[in-house]
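Trainee: In order, the protein sequences belong to chains A and B. So for the first sequence, this note's numbering puts the first residue at 1; every next one is plus one. So for the second sequence, this note's numbering puts the first residue at 443; every next one is plus one.
Keep in mind that the hints were calculated from the coordinates and are not lab data. Please note that a few of the clues may not be correct.
Stated by the list, open to error - Chain B is nowhere near these chain A residues, computed Cβ spacing over 10 Å in every case:
1. 102
2. 193
3. 224
Stated by the list, open to error - Computed list of lysine-lysine pairs in DSS-like fashion (alpha-carbon distance at most 30 Å, straight line):
4. A/357 / A/380
5. A/161 / A/71
6. B/472 / A/432
7. A/380 / A/406
8. B/472 / B/444
9. A/333 / A/265
10. A/406 / A/357
11. A/286 / A/305
12. B/469 / A/71
13. B/469 / A/67
14. A/428 / B/444
15. A/357 / A/413
Note that beta-carbon positions come from the ideal geometry of N, C-alpha and C, so glycine has one too.
Below are the chains, spelled out letter by letter.
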Amino acid sequence: MTSGSTGLPLRVESTGCPYLIIGNSAAATGGVSGLREVDRDKPVTLIARETEHVYSRPLISYLLAGKVDEKRMHCRPPDFFETNGVEALLGLEVTRIDTEARTVRTSDGRTFAFEKLLIATGGRPIVPREIPGTEARGVFTFTTWEDARRIRSYIDEGGVKRAVVVGGGLIGLKSVEALQALGVETSIVELAERILSATFDQTASELASTFLREAGVEVRCGTTVSEIETSEGRVTGVRLRDGSRRPAALLLFAIGVTPDLRLVKDTRIAADQGILTDDTMETSVKGIYAAGDVVQTTDLLGGAKRPIPILPNAYRQGHVAGVNMAGGRLTFKGGISMNAVDICGLPTISVGVTDPKSDGYEILSTLDARNSTYRKIVLKDDRIVGAIFIGQIDRAGIFTGLIRDKVNVSALKDLLLAEDFGVLSLPKDYRKHVVSGQGIEV
Amino acid sequence: MKRIVAREEYCIGCRLCEIQCLVQHSKSRKIIKAFRTERESIVPGVKVEQSGHVSFALQCRHCDEAPCIEACMTGSMRRDERTGVVLCDQETCVGCWMCIMVCPVGAVARGANRQVASKCDLCIGEDTPVCVANCPNEAIVCEEKDD
Chain A
1 MTSGSTGLPL RVESTGCPYL IIGNSAAATG GVSGLREVDR DKPVTLIARE TEHVYSRPLI
61 SYLLAGKVDE KRMHCRPPDF FETNGVEALL GLEVTRIDTE ARTVRTSDGR TFAFEKLLIA
121 TGGRPIVPRE IPGTEARGVF TFTTWEDARR IRSYIDEGGV KRAVVVGGGL IGLKSVEALQ
181 ALGVETSIVE LAERILSATF DQTASELAST FLREAGVEVR CGTTVSEIET SEGRVTGVRL
241 RDGSRRPAAL LLFAIGVTPD LRLVKDTRIA ADQGILTDDT METSVKGIYA AGDVVQTTDL
301 LGGAKRPIPI LPNAYRQGHV AGVNMAGGRL TFKGGISMNA VDICGLPTIS VGVTDPKSDG
361 YEILSTLDAR NSTYRKIVLK DDRIVGAIFI GQIDRAGIFT GLIRDKVNVS ALKDLLLAED
421 FGVLSLPKDY RKHVVSGQGI EV
Chain B
443 MKRIVAREEY CIGCRLCEIQ CLVQHSKSRK IIKAFRTERE SIVPGVKVEQ SGHVSFALQC
503 RHCDEAPCIE ACMTGSMRRD ERTGVVLCDQ ETCVGCWMCI MVCPVGAVAR GANRQVASKC
563 DLCIGEDTPV CVANCPNEAI VCEEKDD
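This is chain A alone, in the form it adopts within the complex:
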């Protein structure tokens, strides 16, 4: 690999790339698997900004908490690239895509020609730059391994007794869990009236809040940071919109991610909130595909296309893109928003529409606040469209299957919340469908 970014003569890599992937996370990994399912021969080139071998982004909170070590961050074997015939150029940034010349330019001045391209550049954390002080030392976002390292070394420097996490979503809660594990007293500040408002309903959010407060976390909702207080370039505290103040040596923004569209801006690749693709994951430019958090996805439960930035979608989309790039045929019909997250020891799963705001929905639920267990099923027209499981999550995937396959459950409504609800409770035809592998009769 050449280095240096300026002054190098422009040269196109002589061979060109039959398959080029930008990115190295779930969608890229899925892309490799899809390509290799169809084409075992032609080389794959992968270019990624980060220097690490394939690693698991969700594991960064576990790494920060000290629950896993650096060795366990990799979610693919060390020989993953070799065994799959991938030339990985890590620590190299793609700066431009030329859809006419069918080339990409990299930060070291090289140009790579491609036949088929997969854009898997993911999302970027949102930082509210309008608040003064976001450039101060001690202000972080939390989406990469490097973020975890930087936060860890900042804490290890000493003096971080208190932290404020802005955003009560999944990344926010997992970072709170990690900071608490490191002995840092942490407050969550959430602009909405409750934490996890995008994935939970009121009851579930309250259970999670109670659980967090009992774990020693301050949970402040309905407000946000209006001012960052600094001293000598370092964060010393925040002032909230309600006028109150919190001392904090560390401020972490976890207010969401947005598709990283920098590379497709000013190209012919159509994008709205995220890159637009058809169900083969091909963009508006032939031979250029996109997958993962950078794209906009059909929600199987209806509504407009939107980014659904969750790992299973990213991997699946990448896989589908890879198969089609290599000349196979596979489609991605859409995704369902779903999350499994363990909050300071409280297991939770939420799938689909969990808190419908309009009429026409039927709700079944059972709550045991003392034991922090809650289960809720949301139905529409006799089909399950959403579910929440708190504390008691066993076999939740059966419900995910019923949602995905839009199974009519009118005959089993009385059974849905039963302790022993299982495959036996399902309509016989559907039961055969889910327990049968290819060529297997039950």
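Knowing the structure of chain A, use the given hints to seat chain B on it.
Mentor: Using the frame of chain A, we list chain B on its own:
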């Protein structure tokens, strides 16, 4: 690869398969010892479901397109290339429960004191999975699947 097929018309709901599975995956491999001391830390990979007179034993289907593998954030859930069996590496699993969220038959459980995922490994290394070998009524049978 092998696939286990349940025949609900023959299942009498005796749950011997669950016990045999538990013993097979215990440290001691002794039925009394395993039952007394390891019951808390092992979840059988097979589960008998029963309602009235209908029952059957169900374990991981080792799906061709396994959603648990695609959803696993650590890469712990993976397919053994040689046998095609879907295995969970409990050394690297962190218990995020994505697999539980996506398994359409509910075949992944919170095992090992509810810290990591636990599921059927098709008794890798044995000629026949112990649940099949010990079913008194041949209500679970093993079939070789053409790949």
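Trainee: Confirm or reject each hint.
Mentor: Hint by hint, here is what the structure shows:
no.	hint	in the structure
1	102	30 Å, holds
2	193	26 Å, holds
3	224	28 Å, holds
4	A/357 / A/380	12 Å, holds
5	A/161 / A/71	28 Å, holds
6	B/472 / A/432	35 Å, violated
7	A/380 / A/406	10 Å, holds
8	B/472 / B/444	26 Å, holds
9	A/333 / A/265	26 Å, holds
10	A/406 / A/357	20 Å, holds
11	A/286 / A/305	21 Å, holds
12	B/469 / A/71	27 Å, holds
13	B/469 / A/67	25 Å, holds
14	A/428 / B/444	24 Å, holds
15	A/357 / A/413	21 Å, holds
Figure legend: structure checked against the earlier numbered hints; the only hint not met is number 6.
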